[in-house]
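Chains as they are written, first to last, in the working numbering: chain A, 1 to 410; chain B, 1 to 410.
Keep in mind that the hints were calculated from the coordinates and are not lab data.
Hints should not be assumed to be uniformly reliable.
In silico EDC-like links for lysine to aspartate or glutamate, alpha-carbon gap of 16 Å or less [unchecked claim]: (1) B:K233 to A:D404; (2) B:K199 to B:E116; (3) A:K199 to A:E116; (4) A:K233 to B:D404; (5) A:K233 to A:D341.
There are 2 protein chains.
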Amino acid sequence: MGRAAREAAAMLAQTDTAAKAAALRGAAGRVRERAGAILAANEADMARAAAAGLTGAMLDRLRLDNARLAGIAAGLEAVAALPDPVGQVIGEWTRPNGLRFTQVRVPLGVVGIIYESRPNVTADAAALCLMSGNACILRGGAEAIETNRALHAAVVEGLADAGITPDAVQLVPTTDRAAVGAILRARGLIDVVIPRGGKSLVARVEEEARVPVLAHLDGVCHVYFDRSADPAKARAVALNSKMRRTGVCGAAETLLIDEVLPVETTRAVLGDLLDAGCELRVAPDLLALDPRLVPASPEDWGTEYLDAIMAVATVPGVAGAIEHIARYGSHHTDAIVAEDDRAAERFLTEVDSAIVLHNASTQFADGGEFGFGAEIGIATGRLHARGPVGLAGLTTYKTVVRGDGQVRAP
Amino acid sequence: MGRAAREAAAMLAQTDTAAKAAALRGAAGRVRERAGAILAANEADMARAAAAGLTGAMLDRLRLDNARLAGIAAGLEAVAALPDPVGQVIGEWTRPNGLRFTQVRVPLGVVGIIYESRPNVTADAAALCLMSGNACILRGGAEAIETNRALHAAVVEGLADAGITPDAVQLVPTTDRAAVGAILRARGLIDVVIPRGGKSLVARVEEEARVPVLAHLDGVCHVYFDRSADPAKARAVALNSKMRRTGVCGAAETLLIDEVLPVETTRAVLGDLLDAGCELRVAPDLLALDPRLVPASPEDWGTEYLDAIMAVATVPGVAGAIEHIARYGSHHTDAIVAEDDRAAERFLTEVDSAIVLHNASTQFADGGEFGFGAEIGIATGRLHARGPVGLAGLTTYKTVVRGDGQVRAP
């Protein structure tokens, strides 16, 4: 599969935007045509999963219905409409000797995607890799194998209609875990592996990988209210950062409050969260503000709840917030609410996270909200790509040098 | 050391350009002051190395003299004069909801440098890491330990004069190989490892590393003469690409000649190389052109000689050259000599190498020649940085989002 993907990647790198977009639109059409077969396969997976005792949340991730399938097809068309990053010029300069340098985006090559039970990843990842000129090898969860096979068959049929080899999007047909190890060790055949799933999957990938990995780890996100915070913005940003969706990596887990923030603002913010059904684990000096508050334990700082639970601490101003985040944060996404621009700029500069926000919700940590159109994930490492990874993050660059016979001095 | 480096990195990330530049100029001054001690330490290393039976080339890499030491000091000052990449804005856009996005360069954090006998790497790597706001942990070759200790002492003295902690530039004081393993496994403490040395070192690093690696592998570089090549440019580019310096990674190893290139041009080019003392291992159809030519064996294609030896093949035009390079090249640096711009553009687009050149010598594959001022190495991987890595390659980025209370829709 790796060798076939390598050959397909060489072709895809030279495939123009129109052909890639047509292939993805064709794939969307085939997914709609084959809806019956795909949903039947999904029912088989669901039955097997239920028999195996999967829980409600896991079953929901696995489940497809007409609406979700329509979303998958629309997603393929949405990626087809995105600007093609391949060939985009990202740097240009000329040297005194007349050499003209141009840095242009080129595909990474072969991308391995290792994911769990969500079948939509099969189509989403295939679309993003194809549009960025990459071949991909997909290895989904065993519980979704029938659904993934049916989805994959529809997608490659759409590609074939547009004259693109099925080797451009390959699905590992087996469910044995050895296949994952083979992907992680395929140096020279696979250029990067992207794990999409829970912490145990990502941890295994990071431990075993001999190929580069673009991984998503913890999102312990903070919201800090500076003494200069506007009360209305504070209430809106805190409630949305925590409660819009509690299970996403950009959901805030800890609220940091400037110790000299007016107590009415603090009481109002905590009241909003409590009224919305959020459990608040607070520092001792806040406990008296509301009978529904519970005391925080040391383990609460730095915990990624991914649930309607939030830790709340007071800090001595922006310096204290920066120090708390450096100690307990995960360098993912952190926000400050402040009207004092000097405090805001200090926070934005000194907090070492992939995404830092001023007077905006941490839940904007998303490729779509960044304007990337779609994302393959949010990278928490520091190399290559940091934060949401869209089509550009699936490319590298080459340097083209144009001369008229220049040679280098001894 | 890793924890101390992590703390130093947090400080360095907030250190302004003037302070970093002053520290490097101070380090240069201290290196000049301590020249006697550094050269004495180097003599001790040289004596030990000679007794251990090191060969001439290895001894020469280890050797320091007044001129080389002056070069090291001047190198520190040169890096101090480079533009600071930290804080540089690499992207800016605004979303319809009014959120303003800014992507700014920030340091990688802690960089581990593993190198061999050249003591100048101690100063060069320290300077590039410091100027890009990174702390570094240096692990040089055992044979250079005394020299590296003396150089390092001078450098950190210069930093201390400028108020920068010595933890910003740490040298592993021991010579046991276990230290290398510890660096390679220090995930969370070291953000990237850069090996500087021969293939066996790089191979070990790539095999053992649990932290990201920016590595330099083979440089099997090609020069292709298209049928439209200008004879004078062909002769100049071929001679310089191979013979300017045969031991550098950008030195050409294989010459590809369009089978319909006029034979006089081919004879003249091969004559130049032979006259310059280059051994030419050629395809059968070229053997008759000069009595000094020797037949190539299959192993010659794809061999990195790093010596005055070159393989020469004929190919059926630019398509044949692209195919040969895809099969035998190492994706490092490849050049076409052609007056036909269509042939040139096809080569520049379809050859998948970090650097592709038109009518210029492959020996321009160098950070200095790119205008980077200095380089920490040439990356042959596809992620993060590709080709010469200067100060910008030692940074990552953060996304700063400025709003006025925006929250994300459900």
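Inset, instruction - Sort out which numbered hints this structure fails and list those numbers smallest first. - result: Violated hints: none at all, because every hint is consistent with the structure.
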